[in-house]
Every structure is written in structure tokens, then in C-alpha cells.
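There are 2 protein chains.
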Amino acid sequence: MTPETRLPVAIDAMGGDKAPAEIVAGAIRARDELGVPIVLVGRPDELGDVAGLPVIAASEVIAMDADPGKSVRTMKDSSLVRAAEAVRDGKACAMVSAGNTGATMASALLRMKRLPGVYRPAIATPIPCPGADVPTVLLDAGANAECSPEWLVQFAQMGAVYARHRYGIDQPRVGLLSIGEEPTKGSPLVKETHQLLAEGSWAEASGGTFVGNVEGRDIMSPDVDVVVTDGFTGNVVLKTLEGGMKALVKAILGAFDADDATRAAGDVLFPALLPLYAQLDPDNTGGALLLGLNGPCIISHGSSSATAVVNAVKVAVELVDADLVGAIGRTIRPEPAE
Amino acid sequence: MTPETRLPVAIDAMGGDKAPAEIVAGAIRARDELGVPIVLVGRPDELGDVAGLPVIAASEVIAMDADPGKSVRTMKDSSLVRAAEAVRDGKACAMVSAGNTGATMASALLRMKRLPGVYRPAIATPIPCPGADVPTVLLDAGANAECSPEWLVQFAQMGAVYARHRYGIDQPRVGLLSIGEEPTKGSPLVKETHQLLAEGSWAEASGGTFVGNVEGRDIMSPDVDVVVTDGFTGNVVLKTLEGGMKALVKAILGAFDADDATRAAGDVLFPALLPLYAQLDPDNTGGALLLGLNGPCIISHGSSSATAVVNAVKVAVELVDADLVGAIGRTIRPEPAE
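These protein sequences, in sequence, are chains A and B.
Offset between the first sequence (1-based) and my numbering: plus 669.
Offset between the second sequence (1-based) and my numbering: plus 669.
The hints are simulated quantities; they were obtained by calculation from the structure and are not laboratory data.
Keep in mind that a hint or two might mislead.
Pairs count within a copy or across copies, as identical chains cannot be separated in the list.
No farther apart than 27 Å at their CA atoms in a straight line, the calculated lysine-lysine pairs in the DSSO-like style are these [unchecked claim]:
no., residue 1, residue 2
1, K687, K745
2, K915, K854
3, K687, K860
4, K860, K983
5, K782, K919
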């Protein structure tokens, strides 16, 4: 698709801790730097100078801590619901929000709907692997606190398709998160899912390959491309890593600041550490993706800066051009009864 | 208890990746440096020079990757089973093993038995918090892949007693690991457990206080003292942090090694980073503790060095002197029917 014929990316201008200022700034930069058409969604009189970007007016804003289901049901003129409708109605090719994650999911699910045959959408989050070119894809990172084995098998399929299309991995290695390598280890959910994944018929259409159970320590390693788990465990893992990395980086920076000698040494080291810092910065990952819906939905970090918005738009366009939604639809074939 | 009247600590000389050499070296150091009586358990002719330490002969060794339940049932003359029997029979005050974690648990459970009223033992693992004086206690870190809400309430009680006795925290703040602060967030297990913990009657005897749901990012923070979760989630969290920290430290050391200038700067920074490195080194935490049994059982990291063994013995003696087992027994009162 050429830039001329591309539909705009719909950006929820009201969602995120730094909305609307940083979001609007990111949207303008995305248009100017990437040449991607953008449409903002939100309250026109609160957006400031939008530098000529088109705006879909939405009078309501779903707060970051609002109840997702209730908000989406009752706030039909919210920026999130209107952004999802823009994708549904063919007015945008993808949506991006740094707002309330649950409400983003609910809006996208209710307005875009699931792809035929998809049991549940899942949040796929890239986890940076220091030293590796591509991150590990973790899913479900929080959409479904409770899962069935059959859902996890679909997550494996969707994750494999995503790793192929977004990261160009020919045959993604898919691992099942557990507490030991042996198929007999783990919760009943994991044991049943292991059997289904080991059976292998899921892999053909998705291009993935099952490498067995993996453990928490494998997530940030280059030994696995896709890690499948339920949304409770996945969300705990994601936040544990965020917290752990932040605590460690803070402690290291504290040591750098011990005295004049260490500060001078830190100045020397800083350039060498920048690539690592950039790799770990959530603003650079382009956000998580909601997989399994009939349209791309990018969920950015709540604290997203303008740079995070630019990167999210970049990912959105890449996935639209690669037709990720179509590829997932062809992989998850509808069941005969449907 | 004075050193003269203290029972020895039983050390499984055959357990761990570096057994028996490092384990025996650590046992000798523990006696010499801490003045603690030690009894080794294992194959006498494989232990080398034990520097006069007494040995309980055990002819069998449970491999690191052996099936725990089966091994413990069939290998009655294994070093793990004999070490647990030494505690049961009043010949040792505590056991320490760096061997097969599942088999260590099974040996301790089958030979020492649970304290009256305890539903299930739990593994309590200290998670270092950079910048804080004491770690966060995470439990269950892997003993029970499936749990009931009532078990988790007992874990909260045992964790609070442990934090008070081991870390001297007057009123430990106990959090329930979930995927959001709201009581309505999480799995059914978490929601039911939240209600029971919020009700508060559990707290009185244990001295703890419920601070509500916590998230993964809170574990390495100084905002909570005890984090309660099921053994599947806890084990995933523990290994995720281990892997994440290792990957990050490796990447940072790689940046230090970029060129002559960064190497020189690294030499300046190294002393300032040493305390952090020491805090994160699992050899220094003294290992995890199996709580809820009628005797102390310390589970050391599989890769334990002699230093790890010394620290594990130190923890064992502290907990014996503080009568942790008695304190847990008095907290978990037997149910009337028992």
C-alpha cells in the first residue's frame, strides 16, 4: 500500500498519563517524520494546535482507572469507542491508544469484533532481550485472567504469525511458560495445553514450532521467540520485569553517583550504555498489540511520550502493510459449525 | 540456646550442582567461621577430607532432575531422606540442601510432617530490594502449583511470622499478588483470597497487616514486606526476575567492556557496584525456607557455592534460635476437628 492510498491511523488523543499534549505532539511527528496519515480522536477544544491534523470529535473521556466494561458500555461518545469505530467503519486502518488498557481492549473487541474462529483476543507484548536483535513476544500479557487450553493454543498460533510478520522470524520457536521443562510440571492448564501444543497440528498454518515448556528465566533470553501463558501470569511477569529492571537501573545509577570519580566514570560509560537503555525503554517498543480482532489495535504504555506515539504508529503501519490481521484470519480457520 | 547445647545442622552433602566438594567446603567453613556444629549426610567415601565433621552415612543420591515423589518413596537411604530423618529424630536442629528442590520438599514433608493445622507447606524466598535493608518475602515460590484461597491465607500468616522473626519487621505488610489494585481484579483464586485476607482475622495471631493487592512491579520495591501467591505464579516470578537480572547485568558488563576507556571507567565504578552485586547474588540470601513443617528446612540454590552453604547455615541457626517453627505452630492453630 502506498502512502497515498493508505487509510489514516486513528490515535486516541485523550488516553495516557501525558494526554493530550504528548499524544498530539507524537501524532504530528508521526505524520511529519513517517509520512503516515493520522486522524486524532478526542475533544477538539482540548487538543491545542493540531497542525492541521483531522479530528474525529468525541465528547467523552474514559479515565485511566475507570471500570473498562462499564465505561465502554455507557460512554458511547468516548474517544476510545470512536477510535475503534473509525477502524470498523473503514475510516482508519488501525487504532492506537495509551489510555485505560482494559477499556481499549473492550472498545476494540466490541466495535471491531473478533476474527471468525478466534475464541479470545490476547495482548502480545514484546519483551526486550539484551544482546538479541528481536524481542521475545509474550502473550497473553493481560487480556484474559482465566484461560482454557484451547485459547492458549490459539495464542500460540497468533503469536507465531505475529513474530513472523513483525520480526521476520521464519519459523518462530514457541514455548509454553511453566515451572519446569518436563511436560508433567505446572498447573492443570499448562499440562493440558502442553499436550495440545506437542500434538503439533496447530503449528502448520501458523509457521511456528513448539519447543516445549520454558521457564521465567527464558523470557529475556534469545532461546525462544514466543512465550505463551494465561493473562494473569503474563501480566504478573510483565510488571515484575518492569519493576525489577527499574529497581536495578535505579540502583546502578545511584552507584554511578557515589562520588566525583564514579560520576566521571559514568560519563565515559554512558554512551556505551545508551543502546541498552534504548532497548529497554518501553517508549521504543511500539507498544503491545491486541491480537485476534478484525483490525489492528496498538496499546501503548500509559506513560507514553510523543516518541512512544511515533513508534506505535510505525508498528501500526508495518502491521497493516504486512496484513497481519488477514494472516491471523487465515491461520485461525473458523470451526465448521460457525 | 548456646553453641554448646545446640544440635548440629544437617547438610545434604550430595545435593547441588557443585556437590559434594563445595558443599563440604561450606560445611567446614560454617563450623569454623560461625562456630555452629554440623553433621554431613552422604556417601562417606565421596566426601573427601571432611576436616573432622561427623557424617551420617547415606548410600543413595537423588539426582537434580529425578522425579521428586518417586525418588523419595524409593530411595529411603538417600542423603535427602536421611537429613530429614535427622531433624525428625532430634539429631539435628535443621536441614540444608542445594539438591533437587522437589525432592527436598518431599523428604522434609514426609519425614518431618506438617505442623498441626497447616494445610500445605510453602517455599518462602527472599527477593532482594535494591536500596532497602531487607528483602521482600515471596511465598509460595514453587511448592504448590495449585492452591486454594484458604492455603493462601495460611501462607500470609506464615510469611508474616517469618518476616517478623527473620527480618525483625514489627508488623509486616502483606500483599496479595494480582494484576491490579482493585479487589475485583485477577483470577477467581485471587478474588476469593482477597476477601478472606481483607476480613482480617488471620492477621491478629501472625502480627501481619493486609495492604491489599500488589502487582509484579511492587515485589522488588520497599513498599511491601510479604507477597503471597500460588506456587505456579511465584515460581514463574522468581525465575523471571533471576533471568531478567542476569540478562541486564550481562549486558551492562558487556557495555563496560566496549573499549579501553570504558574498561578503565568500569574499574572505577566496580567498588561502588559491589554492594549491589552482593545484594543480588543468590549465594548471599541464605536460601529459601520451607515453611509449615515441624522443623526448619533450608533450600539453597542449585548452583550454591561454599559461601551459599555458610549463609544457609547462618539462616538455619537464626531461625532455630528464634524458634520460627514454634511461632508458626502457635499462629496456625489446629482446627477443632483435628
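Hint-by-hint comparison with the structure:
In the homo-oligomer, the alpha carbons of K687 and K745 lie at most 27 Å apart inside one protomer (23 Å), although the nearest pairing across protomers, at 63 Å, exceeds that limit. For the identical chains of this complex, K915 and K854 are inter-copy neighbours only, at 24 Å across copies versus 31 Å inside a copy, given an alpha-carbon limit of 27 Å. In this homomeric assembly, K687 and K860 never come within 27 Å of each other (Cα to Cα): the closest approach is 42 Å inside a single copy and 31 Å across copies. For a Cα distance limit of 27 Å, the shortest separation of K860 from K983 qualifies neither inside one copy, at 38 Å, nor across copies, at 38 Å.
Within a single copy, K782 and K919 get their C-alpha atoms no closer than 42 Å, and across copies no closer than 43 Å, so neither meets the 27 Å cut-off.
Hint check: violations occur at hints 3, 4, 5; the rest are consistent with the structure.
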